[in-house]
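Note that my numbering numbers the sequence shown so that position 178 is 178, with each residue one more than the last.
Worth double-checking, as some hints may not be accurate.
[Stated by the list, open to error] With a straight-line Cα cutoff of 20 Å, these simulated EDC-like cross-link-like pairs (lysine to aspartate or glutamate) come out: (1) K88 <-> E125; (2) K88 <-> D118; (3) K163 <-> E173; (4) K200 <-> D183; (5) K249 <-> E271; (6) K89 <-> E125; (7) K132 <-> E142; (8) K105 <-> E72; (9) K68 <-> E57; (10) K70 <-> E59; (11) K105 <-> E125; (12) K163 <-> D118.
If you're looking for bench data, these hints aren't it; they were derived computationally from the structure.
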Amino acid sequence: MAISNNRMHPLKYLLLVLCFILVTSLQAALSLKPSDWFKNNELEELKAFNAATQAEEGEAVALIEQGKTKLENGSRRSAERIFKKVTKKYPTTIAAGESLYLRGKIKMANAQWIKAFDLLQIIIEEHPEYPKFDQVIAAQFECATVVMEGARSRLFGIIPTFKQETQSILQFERIVRNAPYGDYAPLALMNIALVAQKLKQTELSIDALDRLINFYPQSTLAPDAYFNLAETFADLVQSYEHDQGATRKSISYYEDFIALFPQSDNIGIVEARLTEMENSLALSRLHLGDFYYRYRNNNTAALVFYNEAITIAPQSDAAAEATLRIARIEEGIRPAKGARLLRTLLFAN
Numbered sequence: 001m002a003i004s005n006n007r008m009h010p011l012k013y014l015l016l017v018l019c020f021i022l023v024t025s026l027q028a029a030l031s032l033k034p035s036d037w038f039k040n041n042e043l044e045e046l047k048a049f050n051a052a053t054q055a056e057e058g059e060a061v062a063l064i065e066q067g068k069t070k071l072e073n074g075s076r077r078s079a080e081r082i083f084k085k086v087t088k089k090y091p092t093t094i095a096a097g098e099s100l101y102l103r104g105k106i107k108m109a110n111a112q113w114i115k116a117f118d119l120l121q122i123i124i125e126e127h128p129e130y131p132k133f134d135q136v137i138a139a140q141f142e143c144a145t146v147v148m149e150g151a152r153s154r155l156f157g158i159i160p161t162f163k164q165e166t167q168s169i170l171q172f173e174r175i176v177r178n179a180p181y182g183d184y185a186p187l188a189l190m191n192i193a194l195v196a197q198k199l200k201q202t203e204l205s206i207d208a209l210d211r212l213i214n215f216y217p218q219s220t221l222a223p224d225a226y227f228n229l230a231e232t233f234a235d236l237v238q239s240y241e242h243d244q245g246a247t248r249k250s251i252s253y254y255e256d257f258i259a260l261f262p263q264s265d266n267i268g269i270v271e272a273r274l275t276e277m278e279n280s281l282a283l284s285r286l287h288l289g290d291f292y293y294r295y296r297n298n299n300t301a302a303l304v305f306y307n308e309a310i311t312i313a314p315q316s317d318a319a320a321e322a323t324l325r326i327a328r329i330e331e332g333i334r335p336a337k338g339a340r341l342l343r344t345l346l347f348a349n
């Protein structure tokens with residue numbers, strides 16, 4: 001008689017424990033805020049370890065005030081040198097975050113957009129508790145937008161460099177990661193799509209729009225994202241004979257737009273584009289049916305495609321032609337070939 005053993009095998013138990021530890025670690029690691037990677041007591045210990053002394057804080061604040069005075073008097077270079085000194089000499093002070101922010105603003109004023117963005121990014125990564133987080137994200141978005149629009153950074157604040165639209169894509173991606181729940185995230189994704197489309201990077205554009213509608217369905221940009229996705233796939237359709245996968249996806253997004261945003265001002269345009277795509281797909285089904293009817297003598301397959309053409313766009317010319325083909329098959333009329341086909345074409349009328 002077999003003895004039932006309900007005890008868990010030691011190896012299975014060990015694997016279960018390891019999985020639990022791994023999942024717990026991943027949950028912490030997936031947090032976008034560095035301060036969330038530690039338990040409360042660990043975070044306090046880390047802060048205490050990295051905290052500047054009161055004297056250092058005072059010296060850093062005094063330098064910040066000196067820099068602001070220089071800035072107010074129009075001396076950007078002198079102000080930036082002072083702020084840079086704060087960052088270098090007192091990196092763990094609260095004032096260090098402010099010095100980076102002010103340096104970033106100076107770079108923006110000098111049209112050094114990429115350098116400005118990078119300085120602001122240091123705040124996000126090294127000073128997560130900086131109180132002006134929203135202003136930092138807004139400034140980063142401004143930098144990325146200006147770069148996207150073709151503005152050129154200036155070397156040494158004077159010499160214009162080349163356009164760097166590709167760089168704006170990376171910057172917008174950073175913004176989405178920095179503040180995924182902020183107001184700028186869907187805007188950043190839309191801008192990624194627009195730049196990618198301009199640079200003929202279709203897959204990247206589709207990916208950005210897809211993330212926008214999936215992660216931010218309540219955004220005011222969602223209707224535009226659906227429309228742009230549908231248009232992007234429609235543009236991929238070279239003819240009724242090719243890219244039918246793109247045609248179906250385009251139809252799907254147009255249908256989603258109509259269902260989700262029936263009050264949109266673009267509803268008429270979308271309905272017209274949907275009809276156009278449906279007609280294209282129906283025509284492709286008609287020609288596939290003709291292939292099996294005329295060249296493979298396979299009426300069963302032909303009927304499947306003819307019926308698909310009618311179902312997809314019942315009011316289209318393709319549907320009317322498909323209906324005639326079905327009637328011929330049901331009447332037992334064989335397709336015209338060779339000389340017979342030529343006579344049919346010459347004396348059709």
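Verification of the supplied hints:
For the hint pairing K88 with E125, the CA-to-CA distance comes to about 16 Å; that is within 20 Å, so the pair holds. Restraint check for K88 and D118: satisfied, since their Cα atoms lie roughly 16 Å apart, inside the 20 Å limit. Pair hint K163 plus E173 holds up; C-alpha atoms about 18 Å apart against a cutoff of 20 Å. This hinted pair does not check out: K200 and D183 have alpha carbons roughly 27 Å apart, beyond 20 Å.
With a C-alpha separation of about 15 Å, the suggested pairing of K249 with E271 holds against the 20 Å cut-off. Under the criterion of a C-alpha separation no larger than 20 Å, the hint pairing K89 with E125 is consistent with the structure, at around 18 Å. Restraint check for K132 and E142: satisfied, since their Cα atoms lie roughly 15 Å apart, inside the 20 Å limit. Taking the CA atoms of K105 and E72, the gap is about 13 Å. The hint holds against a cut of 20 Å.
The straight-line distance between the Cα atoms of K68 and E57 is roughly 16 Å, inside the 20 Å bound, and the hint therefore holds. About 17 Å separates the Cα atoms of K70 and E59, which keeps this hinted pair within 20 Å; it holds. For the suggested pair K105 and E125, the alpha carbons sit about 18 Å apart, so the restraint of at most 20 Å is met. Proposed proximity of K163 and D118 is supported: the alpha carbons are some 17 Å apart, at most 20 Å.
Checked against the numbered hints listed earlier, the structure breaks hint 4 alone; every other hint is satisfied.
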